[in-house]
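A.B. asks: Sequence:
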Amino acid sequence: MVLAGPCAVETADQIDEAARIVAEAGCAVLRGGAFKPRTSPYAFQGLGEEGARLLFAAAERRGLATVTEVLDAADLAALGPASLLQVGARNMQNFALLQRLAGLRRPVLLKRGPGATVAEWLLAAEYLLAGGNDQVVLCERGIRTFETSTRNTLDLSAVALAKAWTHLPVIVDPSHAAGRPELILPLSLAAAAAGADGILVEMHPHPEDALCDGAQALRPEGLRDLVARLGPVVEAVGRTLWKPSQAARKAAAR
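Counting along the sequence shown from 1, when you hit position 191 you're at 193 in my numbering, and nothing is skipped either side.
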């Protein structure tokens, strides 16, 4: 399946338009950050609880599930309706947070840290599993290498290894791996061919106006093209691309 949406929830109109585009493109999950970890303390940090409320309302109107990042256990009350709680790359080894999420028994999307080995990534997942939470999804989002032409380097060998070494679903985030929208399509197709169970992409209705990571976001037409092009590749490796139900299509058309 494809999980898509903006890096951050910015306004009610922005996230509602994004939800409509995501649903109409045939995606399953709306992504959007309410609490944003940023390298610079002066960068946009998200709308917090208000952003979470706007995300969930927009997703509900369009019949979509949601994925949003949790930075701290204190944020969990505001993120109660989230379908997937994302542990970002910077928090992959925040063991206190992982232990808290293990006790909640809620679905968790665990991103690989930019300097983490596959073994370290899987051991981070073990904190969730050993704590009693078997609802874990792994996400490869690129690692830091000597290459400077892309934001990170997408490690598709990690996808194959994680699929071979664990029973967990593995998805790929080509947006953070590449940092360049023109690379998202080929990296997504490669990830699907390598056995990924899903693609997590950034899509903004108006990337030029984005407050966060607009330079790496797909435009709406790019998301539609991605979903259309993924189908044949997924089928070629014996898989099925998730498609919305009739009820979801009607919700998207409202």
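Hints are computed from structural coordinates only; laboratory data are not their basis.
Everything numeric in this text was worked out from a predicted model, so none of it was measured.
Treat the hints with care, since some could be wrong.
Listed below are the simulated SDA-like cross-link pairs for lysine to any residue, each with C-alpha atoms no more than 20 angstroms apart in a straight line [claimed, not checked]:
(1) Lys165 - Gln137
(2) Lys165 - Ala121
(3) Lys165 - Arg226
(4) Lys245 - Ala195
(5) Lys245 - Leu187
(6) Lys245 - Cys214
(7) Lys165 - Gln101
(8) Lys245 - Gly181
(9) Lys245 - Pro209
(10) Lys165 - Leu124
(11) Lys245 - Glu26
A.B. asks: Could you run down the list of hints and mark each one as holding or not?
C.D. replies: Against the structure, the hints:
1. Under the criterion of a C-alpha separation no larger than 20 angstroms, the hint pairing Lys165 with Gln137 is consistent with the structure, at around 15 angstroms.
2. A distance of roughly 13 angstroms separates the Cα atoms of Lys165 and Ala121; the hinted pair therefore holds under the 20 angstroms criterion.
3. With a CA separation close to 27 angstroms, the supplied pair Lys165 and Arg226 exceeds the 20 angstroms bound.
4. About 18 angstroms separates the Cα atoms of Lys245 and Ala195, which keeps this hinted pair within 20 angstroms; it holds.
5. For a cut-off of 20 angstroms, the pair hint linking Lys245 to Leu187 stands: about 19 angstroms separates their Cα positions.
6. A C-alpha spacing of about 29 angstroms is found between Lys245 and Cys214, which places the hinted pair above 20 angstroms, so the restraint is violated.
7. A C-alpha spacing of about 23 angstroms is found between Lys165 and Gln101, which places the hinted pair above 20 angstroms, so the restraint is violated.
8. Taken as a hint, the Lys245 and Gly181 pair is broken in the structure, with Cα atoms around 27 angstroms apart against an allowance of 20 angstroms.
9. Proximity of Lys245 to Pro209 is assessed by CA-CA distance (about 26 angstroms); at most 20 angstroms being required, the pair is judged violated.
10. Using a Cα cut-off of 20 angstroms, the hinted pair Lys165 and Leu124 holds, with the two alpha carbons roughly 11 angstroms apart.
11. At most 20 angstroms may separate the alpha-carbon atoms for a hinted pair to count; Lys245 and Glu26 meet this at roughly 11 angstroms.
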